[in-house]
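A.B. asks: If you're matching them up, the sequences are chains F and E in order. Each residue of the first sequence is one higher than the last, beginning at 1 in the numbering used here. Each residue of the second sequence is one higher than the last, beginning at 310 in the numbering used here.
Any given hint might turn out to be false.
Said to hold, decoys possible - Computed footprint of chain F on chain E; a stretch qualifies when at least three of its residues, placed anywhere within it, have a C-beta under 8 Å from a C-beta of chain F:
hint	segment
1	430–436
2	446–459
3	494–505
What the hints assert, rightly or not - Pair ranges (Cβ atoms, derived):
hint	chain 1	residue 1	chain 2	residue 2	range
4	F	G241	E	T385	36 to 44 Å
5	E	G521	F	P128	15 to 23 Å
6	E	G462	F	G241	49 to 57 Å
7	F	T27	E	T385	38 to 46 Å
8	F	P105	E	G434	28 to 36 Å
9	E	G434	F	D231	57 to 65 Å
10	E	P594	F	P10	49 to 57 Å
11	F	T27	E	P594	46 to 54 Å
12	F	R113	E	V418	41 to 49 Å
13	F	P157	E	E553	56 to 64 Å
14	F	G155	E	R555	53 to 61 Å
15	F	T27	E	G521	53 to 61 Å
16	E	L519	F	D201	57 to 65 Å
17	F	E205	E	V418	25 to 33 Å
Calculated from the structure, these hints are not laboratory results. From the three backbone atoms N, C-alpha and C, an ideal C-beta is built for every residue, glycine too.
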Amino acid sequence: MATEARTGAPLPARGTAERAQLISLLTAKAKLVRRETVRLTRIAGAGHYTGTFSAAELFAALYYAQLRYRPGQPDWPDRDRFVLSKGHAAIGLYPVLADVGFFDPALLDNYTRLHSRFGDHPDMRKIPGIDFSSGSLGHGLSTTLGMTLAARVQGRPYRSYVILGDGELCEGQVWEAAMAAGHYRAGSLVAIVDRNQLSIDGPTESIMGVEPLDEKFRAFRWQVQRIDGHDFDAILDAFAGLHADPHGPPQMIIADTVKGRGVQRMELDTNWHVGNLVGADYDDVLAEIEAGLQPVAAGRDGQAGGGND
Amino acid sequence: MTDDTRAAAGTGTTGTGTAAGQQISDTFTGSAGASQALKPKGPQTPTGPKDTVKGIQAAAIPAFVAGQELADLGETDPRIVVLTADLAGAGRTADFRDRHPDRFFNMGVAEQNMISVAAGMAASGLRPYLSTFAAYVALLGCEQIRTDLAYPGLPVRILAHHSGMSLGYYGTSHHSLEDLSAMRAIADLTVVCAADANQLRAILRASLDLAGPLYIRLGRGRDPEVYPEVPASFAFGRAVRLTEGRDLTLITTGSQVRPCLDAAALLAEQDGLAVRVVDMHTISPINADEAIAAASETAAVMTVEEHNVTGGLGSAVAEVLLEAGAAVPFRRHGVPDEHVVLGPPAALYAHYELDAAGIAARARRFLAP
């Protein structure tokens, strides 16, 4: 368990034993995210499985390899900031925050129950480690930009990270923020799009097309990387490829992911955006998660258009 | 908001105040004529302070003193940052920009982003003041104010200028006659209206110690004086009794305080009525005791506001009085529940009886047996 996760030391290079060791840890933590998402959903009676599973590797890589923070000092002024703009994936973030030591994991046992600190969407006033409340889509890039500009005003060295959903890119405010970040050359702003291909009603490209995402952000004066968001080597390489100039272009990592990844019955199936596993299905899914990522479900491994919409 | 309206508001071609031959035109960057509208407005263009605007002391103009006051406060408080949405001239935050360029952020015509950016700054220890037209911050940005400022309890201060129908013949797109209703429904948001420049200074100074977010409703930047000096006793939620009288209380706020005082003078002079005028500057939390005192100590209560009568000051006072069991004759006076007719501001105030003569006339009809 990380107590002071990272101090800015370089990530281990591909092919080294240290890298393999790190990826082994991250793989276990991605399983933790999926397992806990299933468990907490049962407490609530319904949960956002699939949009959380698509971000599981991103959560793990951020909190166990990249972000600088002090769980015992959540308000450390120089900590890296992290905003989960797609707040509905908080169910997978809470277990990570607990695991790294921001709070007692037992607090999650009353997830969403009356007076719980933990709702479907995260509350910064109630949960140590949450840097900004989220849930209303389209806001997170703006709030994270505010944190980035605050670092500039205050002369602080931190980076500000945000995970956006692909569905929320339809919100106009995202593009207001993207334009402002490019204009102000907010180089210590790192945005990651969890490009899991589906929004609630179906594939993004049939509901409201968002591509070509990389070209769009480049046109907004961002530096863009596009990676496989379930491949830890690719994620770590993307982190290593971030520039360190606070006055450079803002940095985008488009993480191509699969909504529902890790549980085949849910992969690219819009019916599981919100759901609840019961009976034997619950145990089957936990076993599948423990087995690790398998090839994407047959017939769904191409475009999201094959989804169940 | 359209591009041409911004240019007009920033450079004095609006002309909203000229029809009634009264006061000054709606000029915000000085006495420049239309030719200045053609000059590019780059962020590097210095906009020096102006002492007077068509004969009116700039110090008496709230939208003008905001930037100046913030620049002064910014000298000793490094947490203060200022944001605008391409209205640094109209809101006079340019005065802050010129003295603290590293703490000034023009966010372009993107009000929702500006609010949420300010929220992120506040979450990182800064004290952001954001300034733009009331219509676009309170109505367009209502959800951002609720979700990103009030819900997390962040110390962001909103300077919502050109509220009400003060943009005159720009029409409903530029009017903000619903903002008090929307803002006071948001939990943990303090809502205050500045009556003049000195009260605005007091509000800004008091805001330094306010923990949560604050919505400051301003007029069009040339509101005549109510307070001859900065009121030392200003406190959020504590109304100010400006005149005493037992025949009627006018409970008012912001831009209507001055005309209410003038109406009270008219009613005293022409009708022999003694009128109490209460400046209910803070709409949320409302000063219930002061409203109840008016109901029990004076013969009638009328609220006066430059706002739709639905949901604003009048509604807030009515809620207090009814729940307190007050049996006092009561009227709300404001803009009726309609989209206002077109006209310059002064003509609109006369049309809707929101100038001194109109308020006095309303009061007479209310009190008539």
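A.B. asks: Given the hint of 53 to 61 Å, check if F:G155 and E:R555 actually sit that far apart at their C-beta atoms.
C.D. replies: 60 Å Cβ-Cβ, so the 53 to 61 Å window holds.
A.B. asks: A range of 49 to 57 Å was offered for this pair. Does it hold for the Cβ distance of E:G462 and F:G241?
C.D. replies: violated, 37 Å
A.B. asks: Do the Cβ positions of F:E205 and E:V418 conform to the proposed distance bound of 25 to 33 Å?
C.D. replies: holds, 30 Å
A.B. asks: Are at least 3 residues of the segment 494–505 of chain E within less than 8 Å of chain F when you compare beta carbons?
C.D. replies: Check failed, 0 qualifying residues.
A.B. asks: So the hint says 38 to 46 Å: do the beta-carbon atoms of F:T27 and E:T385 match that?
C.D. replies: The hinted range 38 to 46 Å is violated for F:T27 and E:T385, with Cβ atoms some 53 Å apart.
A.B. asks: Do at least three Cβ atoms from the segment 446–459 of chain E come closer than 8 Å to Cβ atoms of chain F?
C.D. replies: holds (count 4)
A.B. asks: State whether the coverage of the segment 430–436 of chain E by chain F holds or is violated, taking the criterion as 3 or more residues with Cβ-Cβ distances under 8 Å.
C.D. replies: holds (count 6)
A.B. asks: Can the suggested window of 53 to 61 Å be confirmed for the beta-carbon pair F:T27 and E:G521?
C.D. replies: violated, 43 Å
A.B. asks: Honestly, do F:P105 and E:G434 meet the 28 to 36 Å range at C-beta?
C.D. replies: holds, 29 Å
A.B. asks: Do the Cβ positions of F:T27 and E:P594 conform to the proposed distance bound of 46 to 54 Å?
C.D. replies: holds, 53 Å
A.B. asks: Given the range 49 to 57 Å, decide if the beta-carbon distance of E:P594 to F:P10 lies inside it.
C.D. replies: Given a distance of about 53 Å, which is inside 49 to 57 Å, the answer is holds.
A.B. asks: That 41 to 49 Å hint for F:R113 and E:V418 (C-beta), does it hold up?
C.D. replies: At 44 Å between Cβs, range holds.
Of the hints listed earlier, those the structure fails to meet are numbers 3, 6, 7, 9, 15 and 16, in rising order.
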